[in-house]
Each structure stands twice: as C-alpha cells, then as structure tokens.
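Peer 1: Each chain, written out:
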Amino acid sequence: MKSYRKELFFEVPTRRAFINITPQVEACLMESGIREGLVLVNAMHITASVFINDDESGLHHDYELWLEKIAPHEPVSGYRHNLGEDNADAHMKRQVMGRESVVAITDGRLDFGTWEQIFYGEFDGRRRKRVLVKIIGLSFNRISCLQLSVTALYPGWRQVPGPGV
Amino acid sequence: MKSYRKELFFEVPTRRAFINITPQVEACLMESGIREGLVLVNAMHITASVFINDDESGLHHDYELWLEKIAPHEPVSGYRHNLGEDNADAHMKRQVMGRESVVAITDGRLDFGTWEQIFYGEFDGRRRKRVLVKIIGLSFNRISCLQLSVTALYPGWRQVPGPGV
Amino acid sequence: MKSYRKELFFEVPTRRAFINITPQVEACLMESGIREGLVLVNAMHITASVFINDDESGLHHDYELWLEKIAPHEPVSGYRHNLGEDNADAHMKRQVMGRESVVAITDGRLDFGTWEQIFYGEFDGRRRKRVLVKIIGLSFNRISCLQLSVTALYPGWRQVPGPGV
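Protein chains in written order, with my numbering: chain P, 1 to 165; chain X, 166 to 330; chain D, 331 to 495.
SDA-like, lysine to any residue: derived pairs with alpha carbons at most 25 Å apart:
1. Lys294/X <-> Gly113/P
2. Lys167/X <-> Glu31/P
3. Lys129/P <-> Gly84/P
4. Lys171/X <-> Leu275/X
5. Lys6/P <-> Asp437/D
6. Lys171/X <-> Gln117/P
7. Lys459/D <-> Thr271/X
8. Lys336/D <-> Thr271/X
9. Lys332/D <-> Ile351/D
10. Lys129/P <-> Asn350/D
11. Lys294/X <-> Leu110/P
12. Lys332/D <-> Tyr4/P
13. Lys234/X <-> Asp54/P
Rather than coming from a laboratory, the hints here were simulated on the basis of the structure.
Work the whole structure out from these sequences, hints included.
Peer 2: Given below as structure tokens:
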C-alpha cells in the first residue's frame, strides 16, 4: 500500500464561489503513481466545501440562490456565532454541500460517471484557504512489490518488470 | 491490499424513488473476498444519492415531502439550470442526501449498526443510471500472502493455509 | 496494510447535543499504531451524525435553531414515520449534518486544518448509542514489514528495526 498527500491553495476574491478542481486532483493522482485505491479530497477550513456535481454555470447560480435561502447571510446579527465574525451562514452552507468527497481510483484514473466533477465551494472567501488531497492504494502489482523487496535484501537478484509496472 | 469494483444499474420508472441496495452491496463484498477494509458506494450521476438510513416506508414518504419543500421541483422556470432540462431541483435534493457512503468492512461483513441500510435515492429517474461499488482492503492475513508470493517465486515451496484463509 | 476498529459509546441526557469526540478518535489512532491511511468515523444509528466543524458554543446554538427551522420536531403528527415514535425530524437533521467523516492520517496524526474538530451530533438522545471508528493504513515501512515476515519464516534471521518502526 502506498499513500500520497498534497495541499491545494485557493484565494477567492469574492465571499462565495464554486471552483472546478478536477484537473488539480487528476494531477495529484498522476504524481502519486497509484493505480487502485481511494482519494479523499476535503476542505481544511470549516466554511468551505468539497463536493461533486455538474460544471454548469446556471446550476451554480441556482445553488448560490438556494443556499442563501436555506441559510441566509443577513441579518448577520441573527447568529450567535457572529461576535466579531460574520460567517455563521458559511458554516451552515458548508454542511449542506459537505466537507469532503471520496472518489474511487481504477486503473490510475478517477472512476467517474459522465458528468461528475469535483468542486471547491467557498462560502467565506477573500483569504487563502486549503484543500487536502490524500490518496491511498496500490501502485504496483503484488509480484513486482515482492521482487523489489527481495532485490533490496539480495542486491544480486535480477529484477524483472512485472506486468503492472 | 486488494481492490474490487462493480457497477450496479437502476432504471426507476418514476421521477423519484428510494431503493434499498444493501443486498447488492453485500453480494459485491462476498464476491470480493475482502475481509477488512472500506467500501465506497457512490452515485455515478449528479441527480441521485447514495445514503444510509432506515428502511421504513413512512420515513421515505416524509423524506419525499421534506425534500420537495426544501428544493421544490416547481416552478421549473425558477431555476436557471432548467434550459432544455427540468431537473435543477434534483441537483439540490442530491446535495442534501449526499453522493456517497463509506462503510467499514470487518471480518468480511458490512460493519453496520442495527438499523443501517444503504439506499439509492433517485431524483430524476425514468432512465438507466449507475452506482459504483469500490472496495479496498485485505483478503488474506500477512503470512498467507507471503506464502503465496514465495510459492509464486519457488513453485516447490509447500503452501500451508494460514489461519485467515 | 493494517486495520483497526473500535466502538465509542454515548448516552446524551437531552434529546439533542453536539459532543466533540476528537480526543477519543485521536486515542484510537494512537492505539492503532497506523501512520498513513484513512480513518472513517460514523454514527451507527440513523438519528445521529458525525461531522467536522468548529468547537464554538455560539455556532452550536445556531446549528440547533437552524436545524429546527429546516426540519422541525413539532408537530410530531406531521410525519408519517411517527407512529409510536417521535423522531422523524431526527432522521432529517442527520441527513443535513451527515452520517460519517473520513479523515486523512499522515505521520500518525489526524491531518486537520487549524479549526477542524470531529463532532457527534445527537438528534434523538436519552439512550445509549454508538459511533464506529475504523482505521486502515500502514503502520510500518515496507522493509520492516518484510523483515518481520522473513523472521516469521526463518526464526534465525536477525531483525533490524527499520526507520519507520
């Protein structure tokens, strides 16, 4: 089993935004060399989300209005959390959209349906924030792994590339 | 570490439905032979959910009314996404109910509380849709694995079944 | 790959409560000895949540009011599920806040942003309920694992602690 970790950084100039981060997650997967496993993508901040949905601007406009209706920003004084802060609504919006997504990795690729894309949902922007990408899984087939290990112990052992390398 | 992948197919004749897919996921787990690990079950479509709750018809009726109140289908023209489509509400309902569930596997079984059941939540049906089941974990104990590997390299080596086989 | 499992128990004297369970999950991780991997923390009951957010009492007060507005407890008779029960609203609240969290483990620690804390969200308390902690990952580096395995097969082999032990 192999693991990989990377932080992605975002600084959104507006309070709220949806950013398609699928290319960055795909780049992480490529870099990891992992072929079978799971990737966890999560916001490291509690006023932001990572979620999977459609990359369609009309839908993102609808999400913005819908979330504002479910958990309105105003009146700011309507939330007890807002003492010296004004982001209580962002903590609610993030719960509706979720903190994390877990995606299957199959044959070295994100195992997605046709329209699935990964989004970073910012609900309290205008500052630098982080997303964590953690991947665990297999990068080699079992025989290749054993060959590598045996080579480490007996350097003279001839290493033959396995079918999965 | 071992991995397993299967797609489940659903074609719901109505726009919305909740289907208990626990038996199908259990069949996948059996087929995988994995005894310790995690199973990811996710909708591959962005107008459907996979979630864990109670298999009780009264509750499902309540969910239907509640989701329709939070994210109403009508008026269809109230959503900017609905240009040539009428499923914007389904994208909202799916966010409330979630895209995926991750379930622990212990001793070859779904490690569930008494009432936990896995559901496919359809919010825009009347067409064929897919659910992904991805399992990663251990199928053998460590000594058995090594014995198998050693046998692969030295065919004459006598393989003794380990306690976990 | 190694796996670890533990159940945590909670008996909340009120109907609803939010409890910070980060210390218990950290204790599980310590006990597991796993250094790289994923931890799944999930409610084993369908009227409770596990979620990640801020440990701030004002926010928890806001969550309580907000969830009650989205999915009110009263009138109890307004839910078809409430035949001999009165907890239909708890099944809704749990869907908004989520069943589970998956957290990355890096270098033997929960890989968290500054303010991330894990909470047990109770929506139908006054009875004993369970949370599952399941961890999968690597506890040793690869060479140490192989040394242990070789030692198991050839007891005379001298075992040298690897850098990751």
